[in-house]
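A.B. asks: Read off the chains here:
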Amino acid sequence: MSKIRRITIKPKKYRQVAGNSPGVIELDADALEPLITVFSYSESELISQEIKNSGELDAHLAKHQGLTHWVDIRGLGSMELFEYIGKRFNIHKLVLEDIAGTLQRPKLDEYDGYLFATSRMLYLNDNLEIENEQMSFILMPDILISFQENYQDCLHPVVTRLEGGKGNIRFAGSSYLMYTLMDVIIDNYFGLIYRLGDELDMIEELLYRKPDKSIMYKIQEIKRAMILIRRAAWPERDKINDMIRSDSPLITQDTKTFLKDIYDHCMQVVDLVESYKDVTTTLIDMNLSIISNRMNEIMKVLTIISSIFIPLTFIAGVYGMNFSYTDPETGKVLHHNMPELYAENGYLYTLLAMGLLAAIQVFYFYRKGWFK
Amino acid sequence: MSKIRRITIKPKKYRQVAGNSPGVIELDADALEPLITVFSYSESELISQEIKNSGELDAHLAKHQGLTHWVDIRGLGSMELFEYIGKRFNIHKLVLEDIAGTLQRPKLDEYDGYLFATSRMLYLNDNLEIENEQMSFILMPDILISFQENYQDCLHPVVTRLEGGKGNIRFAGSSYLMYTLMDVIIDNYFGLIYRLGDELDMIEELLYRKPDKSIMYKIQEIKRAMILIRRAAWPERDKINDMIRSDSPLITQDTKTFLKDIYDHCMQVVDLVESYKDVTTTLIDMNLSIISNRMNEIMKVLTIISSIFIPLTFIAGVYGMNFSYTDPETGKVLHHNMPELYAENGYLYTLLAMGLLAAIQVFYFYRKGWFK
Amino acid sequence: MSKIRRITIKPKKYRQVAGNSPGVIELDADALEPLITVFSYSESELISQEIKNSGELDAHLAKHQGLTHWVDIRGLGSMELFEYIGKRFNIHKLVLEDIAGTLQRPKLDEYDGYLFATSRMLYLNDNLEIENEQMSFILMPDILISFQENYQDCLHPVVTRLEGGKGNIRFAGSSYLMYTLMDVIIDNYFGLIYRLGDELDMIEELLYRKPDKSIMYKIQEIKRAMILIRRAAWPERDKINDMIRSDSPLITQDTKTFLKDIYDHCMQVVDLVESYKDVTTTLIDMNLSIISNRMNEIMKVLTIISSIFIPLTFIAGVYGMNFSYTDPETGKVLHHNMPELYAENGYLYTLLAMGLLAAIQVFYFYRKGWFK
Amino acid sequence: MSKIRRITIKPKKYRQVAGNSPGVIELDADALEPLITVFSYSESELISQEIKNSGELDAHLAKHQGLTHWVDIRGLGSMELFEYIGKRFNIHKLVLEDIAGTLQRPKLDEYDGYLFATSRMLYLNDNLEIENEQMSFILMPDILISFQENYQDCLHPVVTRLEGGKGNIRFAGSSYLMYTLMDVIIDNYFGLIYRLGDELDMIEELLYRKPDKSIMYKIQEIKRAMILIRRAAWPERDKINDMIRSDSPLITQDTKTFLKDIYDHCMQVVDLVESYKDVTTTLIDMNLSIISNRMNEIMKVLTIISSIFIPLTFIAGVYGMNFSYTDPETGKVLHHNMPELYAENGYLYTLLAMGLLAAIQVFYFYRKGWFK
Amino acid sequence: MSKIRRITIKPKKYRQVAGNSPGVIELDADALEPLITVFSYSESELISQEIKNSGELDAHLAKHQGLTHWVDIRGLGSMELFEYIGKRFNIHKLVLEDIAGTLQRPKLDEYDGYLFATSRMLYLNDNLEIENEQMSFILMPDILISFQENYQDCLHPVVTRLEGGKGNIRFAGSSYLMYTLMDVIIDNYFGLIYRLGDELDMIEELLYRKPDKSIMYKIQEIKRAMILIRRAAWPERDKINDMIRSDSPLITQDTKTFLKDIYDHCMQVVDLVESYKDVTTTLIDMNLSIISNRMNEIMKVLTIISSIFIPLTFIAGVYGMNFSYTDPETGKVLHHNMPELYAENGYLYTLLAMGLLAAIQVFYFYRKGWFK
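Quick note, the sequences are listed as chains S, V, U, P and L, same order. Heads up: the first sequence begins at 1 in this note's numbering, then just goes up one per residue. Heads up: the second sequence begins at 1 in this note's numbering, then just goes up one per residue. Heads up: the third sequence begins at 1 in this note's numbering, then just goes up one per residue. Heads up: the fourth sequence begins at 1 in this note's numbering, then just goes up one per residue. Heads up: the fifth sequence begins at 1 in this note's numbering, then just goes up one per residue.
Hints listed in this document are in silico derivations from the structure and should not be mistaken for laboratory results. C-beta atoms are modelled at their ideal positions from N, C-alpha and C, and glycine is treated no differently. Since no wrong hints were added, every one of them can be taken at face value.
To give a feel for the contact side, a few chain L residues facing chain P, derived at Cβ under 10 Å:
#, residue
1, N168
2, D264
3, F314
Modelling step: build the complete structure from the supplied sequences, incorporating the hints.
C.D. replies: Right, here's the structure in full:
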C-alpha cells in the first residue's frame, strides 16, 4: 500500500575470484568492450580525444609529450589492452589481475615507478539500485590511468573541472588529478548516505503513521546498504592515509594537503554510517514495540467485549433454562424452580442487573486506562 | 496525553557538500549576512566595536595595533568577506572552503603562520530543537577570528569574562581566548547532556506510572541526540589533543595547561554519552517488558472471565435444550429426557453446582497468582 | 509484594559545572563547612589533631616540622580555606577549581613541586543509596592533603592502620599514605560490586520463583550502578598507571611496587563489572522469556477451556432452538423439524456425544503437551 | 515443507587435545594411513611420484637433488613417518606434535633452518557438511612438506598449475609454492562464504514468502559457519602478516609481493564474514517481527469474529429467556415481563438491530485498518 | 521433566578481600591445613616425600641440594608456613598476601631473585560444579613452590610425567616444570569448554524437540561459565606473554619455546569462548522465537475453534428466541414473528446453512496456512 520507492543493492556476481591462478589476468565473462578517452592538458591547453585501440593510444601519448595525461578507460573487456598496458608501462601482472578482478578492497600498492590504487565507486543507477563498481588507478609521473567497469559517467565532475580550468587542476600534476577523482568518489558516498538517510526519515514517518509488514524489509535493505558503504569507506580511509604517509615522489606535497581534506571527509562518511546503523537498530526496536502495542490494542478490544458480554450471556442463559414450574404429570407447583420467571417485573430487574454489571466492568476497564 | 515538552534535533540541510570543486568557496543558499564584532583588548583596555564591512575591519586592525583582537563573525553569507580574509591574512582556500561548508568534523589543521580549527556548537534553540552549528577558528599571533553560522549569542559568557577582566583572559593572548571559546562549547555539551538526562529520568518515571505508545519515539529522539553529541565530542577530543601536542608557537605553554583541563571535560562528555546510551538501551528493554506485562494483564482478565463463564453458560445451555418430556403425539413420558427439569429444587441445585464450579476456578486462578 | 531492599543511586546535582570561568573557584551551593583533621606522624609518634581554621593549620605544620602530615579535609564549603591552601602551598588555581568542582574524572596532574589526583569514592549510605563523592589529593614531599565532600568516615581503615602502626605506613612517606587511601577506595568498589552481585543473585532467584513487574526496574538500577562503577574504575586504572610510570620524585620506588598491586585490583574491578553487565543482559533476556512463557500458560488455559466448551455450548444451543414440531395453526407435524427432541433418550445420547467431543479435545491437548 | 538443502558443520572430535604431554606425538584414534606424493620440479621438468614409505621418500629425495620438492602427505596415521621426518629434517618435536594434533590455530613458527605454519582448510564435503581440516606446512630451502588430515583433493588446483607450468610456479622456489597452497585455502574461504551468502538470500526470500519454524535453525547454522570461518581467517591473516614481516631467507622477496595480495584477500574474507554476521542478526530480527505480525493477524481474526458475534449472541440470549407473560397460576398478565416478544414485528426489529450493531463494529474495525 | 545433568558454578566467597591492610597476610576463614609434598629430582633420580611442617621442609631441601625441587602445597591455612616461606626464601609480603588472598587475576610479577605468578585453575568437582581455584607459583633457580587452595588432585598429570621421566621434564629445570603445570591448567580450560559445548549441543537438541521453561536457565548458566573462563584465560594469555618477553634468567630460552605453544593454546581458549558466547546469544534468540511460535500455535487453535463455533452459536441463539407467533391474549398471528420456526424443513435448512458457514471458514483458514 505504502509507496516508498525502494533503494536496493544490485547483486554482485562474485564467483570468479576463487580458483584463479595468481598473476594470470582473467576477464569477467560480462566485461564490456573498453571505451578509452585521453585528456592531455597543461596549464594552457586541454586536448580530449576518444581512442580506439592501444596503437592509437601509443601514438597519442608520443605526440603530446610534455603534457599531463589522464587515460580514462571504461570497460575491462579487452585482454589485448591489458597486455599493452602491462608492456608499455612495465606494470606488474598482479596489478593487472587486480584491475580485471573487480572485487578488490580499496588499497594502495607502491611499485617501482608507479603507484597502484583501487577504490569502490558506489552510485545509484536508474533503477535505484546501488552499483558497487571497482575503480582502479595507475599513477605515473605524468600519466594517470583510471579503470572503470561500466560506461557510467560518474567522473563527469572532474571532466567539467578540467574543461573549466578553475582551481589547481590544470597545473598540479597527475597526483592532484587522482585526488580529484577520489574526491568525487567520496562525494558519491555522501550523496548515497544522505539519500538513504532520507529513506530512513520516511520510514520513521511511516512507523508513526501507518506501520506495515514491509517496513522490516525496507529497514534491512538500508542497513545492508550502510554495511556496504562502510566496507568501502573504511579501507578507503586507510588508503588515503597510506597516500599521505607515502614518501613516493609521485605524490606531491601540495596534493597531500588536499588528501588530508578528503581523509577528514572519509572519516565523516564512516561516522555517518555508524550513526545511521545505530538509527536502524532503534527503528527495528521501535517496530517491534509498535507491533506489540497493536497487539495490546487488539487484545483490549477483544477482552472488553468478551468480558462484558460473556457474563451477561450467561445470565440470559440461566433464565433461558427450561426448569418446570409445575410437575407436568401432577400439575403440582415445584417450589424453587425459577420463581423469578413468574415474578412481576422479573424481566425488568434482570435487565437492570445486567446493565449494572456491564457498567461496573466498563468503569473497571476505564480505570485501568484501557479506553485510551 | 502525557505532556513532556519534547527535545528534537533540528534537521540539517546537507546536500551541498557533494560535488564541490575542492578549494572553491560555495556559500550556503541560506547563509546569513555577516555580523562582525571586533573585541580589541590588552590588560588595561577593551574596545568592542561593530564592524560593517571588510574595509572598516582593515582600518580598525590597523588603528589598534599592539592589542589582541577577537574578530567575531556571525553569518557566513558574504563572498566578499571570505575573499578579503583570504587575501589579508593569507589563508589557504581549503580553509575558507571548510569554513563556508559548515559540515566539517572538529579538526585542527596547522598552516604556515596560522592554525585552523573547527568545532561543532550544539545548543537548544527556543523551539527546544538541538541546533548543530559549525564554529571555525583562525588563530594568528594576535588575532583570533571566529565564524558562526547563526546570530545566536552562544559565546556571550566569553564576552562577559572579557568585560569583567577577571582571570587570565585579558593578558593571556589569542590562544587562551580560543581556549575559552572551546571551553564554552564543551560546557554547552554538558548542559545538553544534563538536559537530555533529565528527560530520560522523566521517561523512566513515566514508564513506571503510565507507559504509552509515544515513549519509544521519545527514547529514540534522545538516543539520536546522544549519537549527535558523541559525533561532535569524539573528534573534538582528538582536536584538543592535537592542540596540546602541537609544537606551534601560536599555542602558549600556559594555554596547554588549560587545554588539558578541557581535554578531561571532553572525555567526561564522551563517558556520559556512552552511559546514557546504555541507559536508553535498557529503557527500550523495559518498555518492551512493560508492554508484554500489560498484555499478560489483559489476557488474564480475558482468561479469567471466559474460563469462569463459558462453562457455566454451557450448563445453562444444556438446561435450555428443548428435549421433550412427553411424546407430543402420544403424550407418553419419554424416559431420560431431562428429568432434572422436572425435579423439585432442580433449579436450585443447578445454581449451586454453577457457583461451586466458579468457586473452584477462582481458587485455581488465585493459586496461580493471577489476581496479583 | 516481594521485598528486596533496593539499592539506588543517589542523584548527583550536576548543573554547576557549565558556564564556569576557568580557574575561578566556585563553591557548591550545598557544600559543607570543612572539618579538618591533621595526622602528623613519624615511625615513633603519631599526633592527630582537630583543626579549626587555616591559621591553626599553619601553626600546627610549623610546629611539627620533620614529621609526615596528612591533612584530612572533609567538607568543601570554605573559600577562605581554598585561598589559604593556594597561597601557602603555591597550588595552581585550576587545581583548586577542580577540587571544588566535585565532578572530575579520576586523573593525575603533575605540577611543579606537587602532584594532584582525584578519585571517585563510591559507597552505600544509610538509605542504601550509592553516594558518588569526589576525593582529591595534593601530594607534596611531606604532606598529603585529602579533600572529601561529605563528613562520611570512609577513610577510617587508614586511620586505624596509622594508629596501629603496623606495616609500612608510619615510615614510608606521603606517597605510601596516598596509596593506602587509594587502596581503600578500590576496596570500596569491590564491596559495592559484591553487594550488587548478591542482589543480582537474589533477582535471579526471584525470577525462578516468582517473577513480577518490578524486576526490570531492579535489574536496570543494578545495571546503572555497574555503569557508574565502571565510569569510576576505568580512569582510576589509567591514573594508577600514570602514577607507576611517573618519574616524579614524589612517588617512591617502593610505593610503585604497591601501586602495581592496586592496578591489578582495579583491573579486577573492571573485569567484574563487565561480567556483571553481561549477566544483567542475560537476566533481561530471561525476564522477557519468562513473561512470554507466562503468556503461553495463560493462553493455554483460555484455549483449552474455550475450545472444549464453545462447541458444546453450540450443540446445546442447537437443541435449544424452538423449531416447531407441529404447525401452530394446522397442528400438522412438520417433518424434519427436530425429531431428535422427541426421540426417546435423545437427551442422554446428546450428553454422551458432548462428553465424547470433550474427551477427544482433552486428548488432543494432552498429546500437544499443553497440560505440562 | 520448504526444501533448502541445508549446509551443516561437521562436528569436530576435540577431546584428545587435553592432557597431552608436551612434545609427545599422539596420533588421532581415527587418523588415516598416509598417502604420500612427491612433486619434484625445476623450470624444465616435473616428476610426480607416489611414495609408499619413508625409505622410498629418502631415496627419491637423494636421487633428485637439485630439484624443488613438494612432499604432499595426506593422512596422519603413521608414527613411523613422524619419526622419520623429525630425524631426517631435524624438526622440533613440538612441531610434530602440532601437526598430529590437528586443532591448531593458523600460526607461523620460525625455527632454525625451517619454518612451520598451519592453516585451517574449510570445504564442503559431499554431504554439504563443512569440513574443518588442519593443513600444516614445513618449509625448507628446497623442500615443502604439506600435511592434510583427509584424502580429499583440495589442493588439486596447485597440481594443475604445476603441470601446466604457467606463471612463476615452476621456478620461484618452495616459498612461492607454499604461497600458492595458501592462496587455494583462502579461495576456498571465499567459495564457502559465497555459498553461505546464497543460502542467506534464499532464507530472506523464504521469510518474504512463507516463514516457518525451521528458519531460525537455518539462520543459526549459517551464523555458526560464519563464526567458524572468522575463527580461521583472523589468525590466518596474522600468519600471512608474520610471513611478510619475517626476515627469514626462506621466504623470497618476490613471494612477499604475492603474500601481500593474499593478505588483502584475507582481509576481504574477514570483512565479508562480519557483514554476513550483521545480516544474520537482521534476519533474526525480521523473523521475530514476522512471527509477531502473524500473531497480530490471528488475533485480529479472533477479535473481529468474537466482537461481532458475542454481543449478538447475548441479545439472542435475552430473547431466549423464559420470563412468563402471565402468571401460571392466576393467568394474570405480568406487566413488563418481555412484552417485546409479543409485539408485532418484534423479531424483525431485533434482527435489524443486530444487523446494525454488526455493521457498526465492522465499520469500526475497518477504520482501525484491521481488514488490510 | 527433561534431565540434563546441569553444570553450575560454585559460588565463590569473596568478601574478605576488601579492607585488608596491604602487605598483611590474612588467611581465609575456611582455609585448609596445608598438605605439602616435595618432589626432588634430577635426570637420574626422583624423590617424592610428604612433608609435615616447615622444619622438615627445611631439612629436606638442605639434604637434597643439587636436585630440582617442586614444593607442592595444597591448603593455605597455616600462617606459620607463610612466615617460614617469607623468611627462608626472602619473599615480599605482598606476594604472600596475594597467595593467601585467592582472588587474584592471573599475573606475573618479577622480583629480585624469584618470579611470582598466579593462575586460575577451573575444574568440575564431583557435584558438577565449576571450582574456581587460585594457583600460585614462586619460581626460584632450583625450586618451584606451587600453592593450591584445595586438596583436589588437578596436577596429577605432571606427577605422572615426572615419574615416567619421559620428555624434557626431568632435566629442563624449574621453569620448565612451571610451564608443564600451566599447560595442565590450560588443558583444563579446554576440557571445561568442550564439556560446556556438549551441553550447548544438548540444549540445541532439546530446543528442536521439546523446549521448556528451564532452558533459559541452562543457557544462562553456560553463558556465565563462559564468562568465567574468559575472565581466567584473557589475563592468563597476558601472563604467558609477559613470561615469553621476560629477560629474567629464571626462564630458560628452551622453556620459552614451549611457552609460545601454550600461548597459542590460550588464544584458542579465548577464541572458543567467544564463539560459544555467540552461540548462546543465538540460542536465546531461538528460544524466544520458539516461544512466540508456540503462542502462535495456541492462538490458532483458539481462533479456529472460536471463529467457527461462535457464529454458529449465535444462529442457534436466534432460533432459540421466544418471539411469539400468536398474541397470547388475542390468539392473533403476529406476522413476521419467526415464521422460519414453523416452516417445513426449517431446521434442516438451518443446519445446512451452519455447515456451509463452518466449511467456508475452514477453507479460509486452510488457505491462510493455519493447519500446517
